[in-house]
Amino acid sequence: MTQALSITNLVKRFGGLTATDDLSFAIEDGESVGLIGPNGAGKTTVFSQIMGEHRQTSGNIHLYGEEISSLTTAARIRRGVSRTYQVPRPFSEMSVAENIRVGLMPDNIWRMIVEGPNTERELELALSVGFAESDLQRTPAELSMGDLRKLEMARTMATGPKVMLLDEVFAGLTVGEIAQIGDLIQQMRGDGMTFLIVSHDLKALEPLVDRAIAINYGAMIAEGTFTEVIDNEAVRASYLGGVA
Amino acid sequence: MLQILIQGLLLSGLYALLAMGFTLIFSIGRVLNLAYGSYLLIGGYVYFQFSQVMGMPKLAGVALAAIVGVVMGIAKFRLIVKPLKGDHVAVEISTLILAVVLQAAVVLVFGDSSKILLPIIPGVKWLAGTAIPYSNLFAAIASWLILIGLYLFVRTTHTGRAMQAVSMDPKGAAISGIDSDRVNMITWAISGALGAVAGVFFASYTQLYPGMWVGPLIIAVAVVIVGGIGSIIGTLIVAHIVGFMEVIVSAWIAPELRGVFTMLLIIVVLVARPRGLFGREEL
Amino acid sequence: MGLRWYHFALWGAFIVGLALLPELVSKGTLRTIIFANYLAIFAISWDVLSGRTGYISFGHPFLIGIGAYTTAILTKRFGVPVEVSIPIAVLTTMAGGLIVLLPALRVKGSYFAMITLAFMELIYQLVQVVRPDLTGGTRGMSGVPTLTRGAVNGFYLSAFLMVSVALTMWLLMRTRLGTALSAVGMNEESVRGSGLSATRLKMVAFLLSAAIAGLGGAFYIHYLGTIAPRALFEINFAFTIIVAALIGGASTIIGPVIGAFFLTFLLEYLRPYLPGAERYLIYGGVALLLYMYQPRGIYEVIRQGWARVRGLA
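Residue numbers (our numbering), protein chains in the order written: chain A, 1 to 244; chain B, 1001 to 1283; chain C, 2001 to 2313.
Each hint should be verified, as a subset may be incorrect.
Said to hold, decoys possible - Each computed DSSO-like pair below joins lysine-lysine, with the alpha-carbon atoms no more than 27 Å apart:
hint : chain 1 : residue 1 : chain 2 : residue 2
1    : B       : K1115     : B       : K1125
2    : C       : K2076     : B       : K1082
3    : B       : K1082     : B       : K1171
4    : B       : K1171     : C       : K2108
5    : A       : K162      : A       : K203
6    : C       : K2076     : B       : K1085
Calculated from the structure, these hints are not laboratory results.
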């Protein structure tokens, strides 16, 4: 098996605060891994370093064997890694279809001009996350939190990732929506997508991952199967706010 | 050398005063009030009308200018800033339009030609071969007194601390029971008064004409942004950097180039250090 | 691109209407329309930069001035023919656009707006003191070669330019590029998160805007025949451009054109009733009320009105 994403000795300091503390892990191609930890453990900071939104203080990030630390966010996305955000960030004055369209665009000005939008693919992506065809012309202002997360998923999928980083995809969703997104993730796993998923909803997360990694204060505290990790003493203590 | 020092201090004091009302609004309301220049304009003309045309005491003229500034500040907040609900772009554009409207209003009432303001205090003091008009000296000293007063007000009074709180974190301030509308209104009122008074001094330093607001607005902006948002001390220091730079450029290079260096300073500092030299704000 | 029959019909009607104007209106009105045409070009240019990407420029005359001065200096001081000087002016202005882009890589919002104001003030001071033998210093230049004689020819040239610019930009903004540029204005982080280089998109917007500003500025100066720094690098001029784009309707093409004609004619039709400075007071007041009533402009007012009419029918 090939490693899809590997992180080696990653360190990120903001002034005196160490947000990521010598963190190393690897994800095989086609694997789905849960990243858990209490609030403020540094999960989102790991995502933003993988995507290049924050540059790490030291350490390496490899995507399919290539060191991507010096690349811009856009270049990393073109190499096949993409993420969603805890707080969805749609283009507020564009329709659902246009939001997805931006994700589908090539990063090439000339092709943006001469090639028309791929409306079939836009529809296909919208339907796959659970929108109806009639939703395509709605704007973010008219959408519920669940719909906004679906839109974020669709736009992220539109960039054609091989590795997807999902940040709290279930927050603010109804039970029905959680099931819907869960089914979608399962289906994509079947198609060979690689996932790194952050979620506080451990019950919803469990069936979606092959194994889990727990971090606290930016450092790894446990790694193994999902059950092993959540039964780990240190993990339990960290969630209760105690010192491991 | 002494000449440059004296002129630099006088000009810098004036610039600090110009910038202070502007920095208050920018750091507390987080909006760029492009109509700030019109306080200066209207302040200058109010003083001109009452003290010079109607012959009222000079201090009364300055006080009236300050009152008109307060009224304008409150009106602007109630009629423009509040209805637009913190849409920064809309506030900037609306205040820009308002500035142009007020300029037209001044032309309508006072005509297009420039007016010379008589010095607030006539007479000149000679020091080290430099003529120091009492008026400029008075302006500089008044600037300093007003600035110290403002600093103490913001640091020590309850209202001043509420202003600081709103400036750092509007939501947090609201949760702590601070009425941010009231704080904003007080800020706009003070800013209006400071602007109008600065206008009287600035007009007596240069001259009074309907387009006079643009230059000081840009200087205020330069000083505030280069100094760093929300930093009274930073504003003060940069007012001196700009003031001295202009005096030095005028004396040693060429008087026409002084504005060029000020503009270059803003551009370079903003591009290289977006937070300004002393600012704490994240962009 | 989703072109429909009524798009062709509306553009056709617009072009035919413009072409017939000299038969219908007086020479004086025609001269007014020439100004409206150039203002429309400048407003479209401003809108590509600021309306789309959200980087509000308060110093658009900086770009227009570069184009105007380049061609004026080349033709008047060096005898370069206009066929050569205007393309050079456009290229020089595009280089100026890259200068404006520099701060946009680091700062946003109010800070960017202030830098553009500083740029305008900077060039205003520079043209007066650097090589006044070339720029004409404070007084500017007169006797710049003009391209047309008489109001009718001047009108046709300006209308041709305006329609070419408007139609080109309209077509371009209907492609995915237009969508991407608007996306930059709505959420730059999400543009990056969609795998697009926001920097390159901004560069495209700034270069397009500068090219139009340079083209408009150069032709405008060859229409006027004079160049005066005090009138060109003026906050009132910047104000007129911004307000034309905004009260017409930002992020559209026809909006800035509507806005430019609306402002020019408002000013012109107030003249008989209010000959003095009151005119500008009313003009600014109307602009302020319109803007505060509907920040999306006349275009949006018409669109909503039309939707209501169709809803009733």
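Hints, verified against the model:
For the suggested pair K1115 (chain B) and K1125 (chain B), the alpha carbons sit about 24 Å apart, so the restraint of at most 27 Å is met. Restraint check for K2076 (chain C) and K1082 (chain B): the C-alpha separation of about 51 Å exceeds 27 Å, so the hint is violated. Of the pairs offered as hints, the one joining K1082 (chain B) and K1171 (chain B) holds, with about 16 Å between alpha carbons and a cut-off of 27 Å not exceeded. For the hint pairing K1171 (chain B) with K2108 (chain C), the CA-to-CA distance comes to about 22 Å; that is within 27 Å, so the pair holds.
For the suggested pair K162 (chain A) and K203 (chain A), the alpha carbons sit about 25 Å apart, so the restraint of at most 27 Å is met. At roughly 51 Å between alpha-carbon atoms, K2076 (chain C) and K1085 (chain B) are farther apart than 27 Å, so this suggested pair is violated.
Of the numbered hints listed earlier, those contradicted by the structure are 2 and 6.
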